[in-house]
Each structure stands twice: as structure tokens, then as C-alpha cells.
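**Student:** Assemble chain B onto chain A, guided by the hints.
There are 2 protein chains.
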Amino acid sequence: MGFWKSLFTGAETDTPPRDKDLSAKTLTEVSSQDRGAQIVFSTERDIDLYELEELCDAVGWARRPIRKVRKAIEHSFLVVTMWEVQGNRRRLIGFSRATSDHAFNATIWDVVVHPDYQGKGLGKTLMKQLIKKLRSEDISNVTLFADPHVVDFYRNLGFMPDPEGIKGMFWYPD
Amino acid sequence: MGFWKSLFTGAETDTPPRDKDLSAKTLTEVSSQDRGAQIVFSTERDIDLYELEELCDAVGWARRPIRKVRKAIEHSFLVVTMWEVQGNRRRLIGFSRATSDHAFNATIWDVVVHPDYQGKGLGKTLMKQLIKKLRSEDISNVTLFADPHVVDFYRNLGFMPDPEGIKGMFWYPD
Chain A
1 MGFWKSLFTG AETDTPPRDK DLSAKTLTEV SSQDRGAQIV FSTERDIDLY
51 ELEELCDAVG WARRPIRKVR KAIEHSFLVV TMWEVQGNRR RLIGFSRATS
101 DHAFNATIWD VVVHPDYQGK GLGKTLMKQL IKKLRSEDIS NVTLFADPHV
151 VDFYRNLGFM PDPEGIKGMF WYPD
Chain B
1 MGFWKSLFTG AETDTPPRDK DLSAKTLTEV SSQDRGAQIV FSTERDIDLY
51 ELEELCDAVG WARRPIRKVR KAIEHSFLVV TMWEVQGNRR RLIGFSRATS
101 DHAFNATIWD VVVHPDYQGK GLGKTLMKQL IKKLRSEDIS NVTLFADPHV
151 VDFYRNLGFM PDPEGIKGMF WYPD
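In the order they appear, the protein sequences are chains A and B.
For the first sequence, UniProt numbering gives the first residue as 1, with consecutive numbering after it.
For the second sequence, UniProt numbering gives the first residue as 1, with consecutive numbering after it.
From the structure, some residues in chain B lie toward chain A, with a derived Cβ separation under 8 Å: (1) SER76; (2) ASP101; (3) PHE104.
For lysine-lysine, the following DSS-like pairs were computed, each having C-alpha atoms within a straight-line distance of at most 30 Å: (4) LYS68/A - LYS71/B; (5) LYS132/B - LYS68/A; (6) LYS128/A - LYS68/A; (7) LYS68/A - LYS124/A; (8) LYS71/A - LYS128/B; (9) LYS71/B - LYS128/A; (10) LYS132/B - LYS71/B; (11) LYS128/A - LYS68/B; (12) LYS71/B - LYS71/A; (13) LYS71/B - LYS132/A; (14) LYS124/B - LYS71/B; (15) LYS71/A - LYS132/B; (16) LYS68/A - LYS128/B.
If you anchor each label on the Cβ, the simulated ranges turn out as follows: (17) LYS132/A - ALA62/B: 18 to 28 Å; (18) TYR50/B - ALA58/A: 50 to 60 Å; (19) TYR172/A - ASP57/B: 32 to 42 Å; (20) LYS132/A - GLY119/B: 36 to 46 Å; (21) ASP152/A - GLY87/B: 50 to 60 Å; (22) ARG155/A - GLU164/B: 11 to 21 Å; (23) PRO115/B - ASP116/A: 48 to 58 Å; (24) GLU164/B - PRO115/A: 13 to 23 Å; (25) GLN38/A - TYR172/B: 25 to 35 Å; (26) LYS128/B - ASP138/A: 29 to 39 Å; (27) ASP138/B - MET160/A: 30 to 40 Å; (28) PRO173/B - ASP152/A: 15 to 25 Å.
In short, the hints are calculated from the structure, not lab data.
Glycine is no exception: its CB is placed at the ideal position from the N, C-alpha and C atoms.
So that you can see chain A by itself, here it is in the shape it has in the complex (with noise of 0.2 Å):
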């Protein structure tokens, strides 16, 4: 973990589940950092869209419209986000989501660190949270697309490309 603390400590609000048959109570799990800051993950959805714009920017992606991004996060089975805290201040600095039947297949997609924040292991421990949060839920076959320069951090968190030859395909329009 580096300069972050690798102690976690659970603890969940309680705020009701937005999803029933997610079955999931809202998480927050606290890793403590040096200079009073903490990392703080969260499953809460109600994310300052514009702030995640501002996170996706920092990284170079498109913009979206942020009417889909708000039909995506609320139809989206997970959601994990990653916060510095200090004082009563937090910022946005990790996300992640992922869709799911809810019963056997989970995508994850949109995992973004922001680039002050990478480096130091916390985009593998945002996908261990989300990994560790879909496995609660007893989803069996967790997936993604990984562009290629990211394909040997997902393999280090023990993802495989192509196992025994299934090909990740996409659609394109004639």
C-alpha cells in the first residue's frame, strides 16, 4: 500500500439499501492515511455528478452527457466510490461501477483514479473493494474490458484475458 495504510475498518451507515435484491447495506470503509486525511470508500450513489466530471477530465476521457452518466450510476448493480477525507472535507479522487443480472454475471465498468492519487495502490484497492462487494453478493463471473495498457493491473488483481479462448467482442454498426 505504500504511503496509504492498509488497515481497514468497516464502517457501515445506515442508510437503507436502494436496491432490495441487492440486498446490500451501504458501505463505507475507512483506510487511515499519514497528515490526518483518510481514504474513505463508499457505495452511496449520490455523487455530485460535476464533480465526477471533473474526475473523468483529470483522466482525459470524453465527456458524457451527465443525464445518461445519472440513468447509468442508478442502473448500475455497484457503485464504488473513493474519497480523501480531512476534517469535514472530502474530495472525490476514485470510481467505479458495475452491471449485473444479480444472479450469476457482473461488468465492471468506468474505473477511474484520479491521476494525483495513482500510484500508490488505491486503484487496486477500489477493485478489491468492488471485487469483495460483487463476491458478497454471490455473483460467480466477474468481467471487464480492459484497454491494453491497463490489462496487467487487472491481471495482478488475479483477472484473466481470454481464458481458455473467450474473446471480448464488440459491436460495430455497418
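**Tutor:** Quick look at chain B alone, frame taken from chain A:
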């Protein structure tokens, strides 16, 4: 289309949509067949799950708990089934479904055509129905994970493996 006539007639039922956000009318499309039988496509989810299990058995898939299959169908964004209809008898001969965030991405799962009906272009027609519906819902990124022996089937439908080096990856627990 070979044996099957390629003429489709849209015949929308007045069944209310299951998911308001999908804003999709339940769609039944009909393809005429020689000898009095018809091939019918439907997005209805009221499927006899034992009939679906029989279909999946016929192609040699491992059995899955009915309870989980029901949940997966309920939480899929879209289900398209294919039926042979003769008089008032109907037989489930194909199935497909997709998960989605209802905004950007969809992932297709569980595409199956009964062996007796393979090699007639029906799998292709089933997929085209599914893609058409996803596109009509403004989903721009249609994806799937293809077993090696069906990569060419999907390629012929316009799916590209590993576009720009993007890798499909599956998580395997340690």
C-alpha cells in the same frame, strides 16, 4: 435465411412494459415459415423456466439453479426469446438476454438456439432482434464474451474481437 422467409412483420402487443426506464413496448415479431409454422420473437419474460432449462440441456450447458435463472432474467435489461408456433402450440427454440446500465453499455449473455433449429440463420436473426432493440434504446456499446467456436458467428454479425487491443478479462479467485 434459407428455409425461413426473411419477411418480418412487427406485431406489438399491448402488454405494459415491465421496466418503465426501458420504455420498451413488449415486442413480438413474426417470421412466416413454410408448412404453416411460424417463428416468433418476443421480449416477454414470462417464460416457463423448465422449458428454458430443457433448451439449455439440449445444447449441453451445465444446469443452473432455477431460482438464480429467474433472478437473472428479472434483472436483465432485455430478454429476447424465439418460438416455433403452430396453431395454438408454441415451442421455445431460442433465448438470449443482455445486462445493461440502461445508458451506455450492454453485455449479451446466454445466447442459445435449439440444435434442431441451428444452421438455418435463426441464431443470426435472434441476435439481430436483440441488437436492434438495444440500439433503439440508445445503447451505443454492445459487448459480449464469445466462446472460441462462436467467434466467427459473432464476427459475421459485426462484432469485433479485441478492438484497439481492448481485452475481455475474467476474474478468478486465488
